[in-house]
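Residue numbers (the numbering used here), protein chains in the order written: chain A, 19 to 89; chain B, 210 to 588; chain C, 77 to 357.
Think of the hints as simulated: they come from the structure by calculation, not from any bench.
Being a predicted model, the structure only gives us computed values, none of them experimental.
Just to be clear, a hint being listed does not mean it is correct.
[Stated by the list, open to error] If we take Cβ atoms under 8 Å as the criterion, some of the chain B residues that face chain C in the derived model are: (1) A255; (2) P259; (3) I261; (4) G262; (5) A273; (6) V284; (7) P408; (8) R437; (9) I440; (10) T441.
Cβ coordinates follow ideal geometry from the N, Cα and C atoms, glycine included.
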Amino acid sequence: MSKKSFNVQFKEEWCKACGICIMMCPAGVLAANIDSKAMVVAEDKCIGCLACELHCPDFCFYVKEKGENDK
Amino acid sequence: MTNNTINKIRLVQGNEACALGAIKAGATFYSGYPITPSTEVAEHIANKFPRIGRHFIQMEDEIASIGAAIGASTVGHKAFTATSGPGFSLMQELIGYAAIAEIPVVIINVMRAGPSTGLPTMPAAGDVQQARWGTHGDHSIIAISPNSVMETYYETINAFNLAEQYRTPVLLMMDEKVGHLRERFEEDEANEPVIMYRPAPKEGEKFVPYANVECGVPHILPLGKGERYHITGLTHGETGFYTAQPKAVSKFVGRLSDKIELNVDKIAKIEENYTDDAEVLVLSYGSSARSAHEAVKTLREQGHKVGMVRLITLWPFHDAKIAALCEGKKAVIVPEMNLGQMAREVQRVAKGVPVLPMCRVDGDLMTPDEIIAKVKEVL
Amino acid sequence: MRPVYEKYFRDNIPHIWCAGCGNGIVMSAFARAIEKLGYDQDDVMVVSGIGCSSRMTTYIDFNTLHTAHGRALAFATGAKLSEPRLKMFVIMGAGDAAAIGGNHFIHSCRRNIDITAIIINNAIYGMTGGQYSPLTPTGKKATTAPYGNIDRAFDIVELSRGAGATYVARGDIYHAAQLTNQIVDAANHKGFSVLEVVSTCPISYGRYNKMPKPTDMMQYIKDNTVSVQKAATMTADELKDKIIIGEHFKIENVPEYTEEHNKLVAEVKKDYLEKLKGGAK
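Produce the entire structure from the sequences given, and follow the hints as far as they go.
Following this line, the structure appears as structure tokens:
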């Protein structure tokens with residue numbers, strides 16, 4: 019059985035370092051960088067729950083399932 | 210007279226004439242809150258609007274009333290409300306909103322004696338300066354003072370036309386006497402009034418809702434009809450979005466005032482009688498002007514060189530014209546039902562000419578005899 | 077490639093809201109809801125008052141009307157009554173809906189006019205720097221309640237219900253996925269729908285009340301929200317200070333204002349035209 023994998027697009031220039039996405043992510047995909055802004059550290063762990071996308075107050079995230087075309 | 214002719218002549222109350230004028234002007238939305246002595250306007254509209262498929266709603270207060278009218282105007286309807294002093298005071302904030310957002314709306318104020326609750330059933334003209342400056346911030350305004358039933362009808366139509374043409378709130382300042390008196394109502398069928406609509410963009414023209422155009426009034430489209438844009442009470446740039454950039458703000462605030470002030474020639478209606486060789490001028494408006502006219506007529510019959518100037522438009526005040534009319538006169542007497550609110554404007558422009566306020570604030574009308582006596586003092 | 081609902085955003089993002097402000101989460105949920113509802117953008121009108129939440133109308137690509145403090149519902153009523161085809165949304169903060177706008181709020185409930193009112197409740201007046209609002213809980217601090225708020229707070233759900241609203245729900249920014257569906261449900265209800273969204277202001281409310289980080293406030297909401305269903309099984313003591321979320325109240329088939337108005341106008345117009353025809357003989 020193949021596990022779904024996801025693209026986590028993150029727009030750093032819009033990030034205000036609120037930390038909500040890091041708190042909400044259940045899979046450890048995100049972490050804070052030296053400026054407290056978020057960064058994607060483990061995209062392969064993403065389970066596509068969309069918690070980051072739904073909770074980012076600044077619309078920084080776009081989580082998309084990797085299609086065959088993207089391989 | 211045939212039956213047809215008889216049916217066309219009616220005895221109509223000022224407030225009803227106002228409602229009829231609004232209908233003729235194409236008003237399709239009324240929202241209001243009852244207040245003496247304007248309530249009849251609402252009642253006539255509540256009665257007549259549904260018959261012709263138009264919208265009447267009684268709101269919960271005057272602020273909601275003006276708010277709803279402006280809301281209806283943003284989606285393309287000619288909207289209005291009617292009130293008196295206490296309600297007029299409540300409406301000031303949103304009158305300013307309509308001014309800055311350039312939304313056509315008509316506000317009828319059937320003036321009563323104030324301040325506060327005052328004398329609800331008595332006439333006064335105590336809201337004249339409030340009409341000009343009631344809302345905060347720099348803005349211009351159009352205010353009209355009809356003094357007969359037929360004039361109320363035609364000036365209500367004119368109020369709607371000006372609101373549309375200049376994308377501005379327009380105030381129709383009646384007083385209780387004009388609102389409640391009944392006179393012969395007969396439309397001038399030979400002169401059908403022209404009904405005007407807010408300027409729309411021309412075919413192929415890019416839509417910029419707050420463009421700082423040469424003529425002062427940018428074109429506009431209703432919300433909800435295919436062009437999505439933003440309307441706000443914040444100071445804004447040409448696209449309608451907030452700006453605090455000094456150059457843009459300065460240009461915008463300037464245009465807002467100029468579009469009315471610089472068009473005073475086109476907007477201001479001033480009636481002159483017996484002014485050619487007048488030595489003394491009587492300048493008035495509203496109900497007081499009816500007594501003033503009678504007084505001046507009598508004085509002329511007695512051989513006195515007295516002239517009559519009646520302001521039909523209170524604001525914008527025609528500085529140049531009034532200054533010219535006052536020039537060289539022995540005195541200018543200003544009978545009004547307040548403590549000299551318009552007299553101070555005349556004083557401002559009539560350089561060197563004595564301007565004598567004639568104030569009546571007791572709820573009663575100025576009489577022709579009083580005015581005659583005052584004029585004779587200076588002749 | 078960006079998410080499909082971003083077609084509802086204007087090109088003036090990033091927005092002015094602070095780090096961790098709930099308004100952005102609500103805006104995102106709103107855009108998703110419109111996508112789900114399938115409305116044409118030209119048919120959607122969004123009216124707002126004054127305050128941080130009311131700035132939302134700047135950023136969303138619909139027919140937007142940013143009015144005066146507390147008066148959004150009055151403007152929306154005028155627009156909706158005269159153009160009932162418009163899908164009318166009103167975005168308000170606490171002051172807009174429950175303080176200065178209180179009168180318009182209760183009358184809109186009473187009229188049952190088909191408007192969806194989204195009240196973003198962050199329990200503070202954020203735009204003006206953090207004063208208390210009629211939705212600030214007793215005892216909390218604010219710039220105008222430096223020793224603690226002695227006021228009692230409104231329960232928007234009860235206020236709406238008492239005033240006659242026919243759909244009342246409460247959501248929050250932690251349960252963001254649910255929020256999108258709640259907006260859809262509120263919009264689909266014909267009549268005056270009230271959706272209170274419990275949100276956060278970490279900069280003012282958070283800092284004055286020992287929750288300075290956006291994540292602190294998010295945690296607070298997570299820990300203190302309880303669903304309507306769960307709440308039904310809890311005691312009054314257990315429910316103290318809890319925020320009950322979900323659909324609280326819905327009555328269908330209550331006469332809706334614009335429909336009643338149009339029915340009346342149609343009848344009166346018909347009678348009048350018949351009378352005129354009869355009189356012309």
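These are the hints, each one checked on the structure:
1. A255: violated (11 Å)
2. P259: holds (4 Å)
3. I261: holds (7 Å)
4. G262: This interface hint holds because 5 Å falls under the 8 Å limit.
5. A273: Given a least distance of 4 Å, the restraint on A273(B) holds.
6. V284: Nearest chain C Cβ about 4 Å off; hint holds.
7. P408: violated (20 Å)
8. R437: holds (6 Å)
9. I440: At about 5 Å, which falls below the 8 Å cut-off, the nearest Cβ of chain C leaves the hint on I440(B) intact, so it holds.
10. T441: holds (4 Å)
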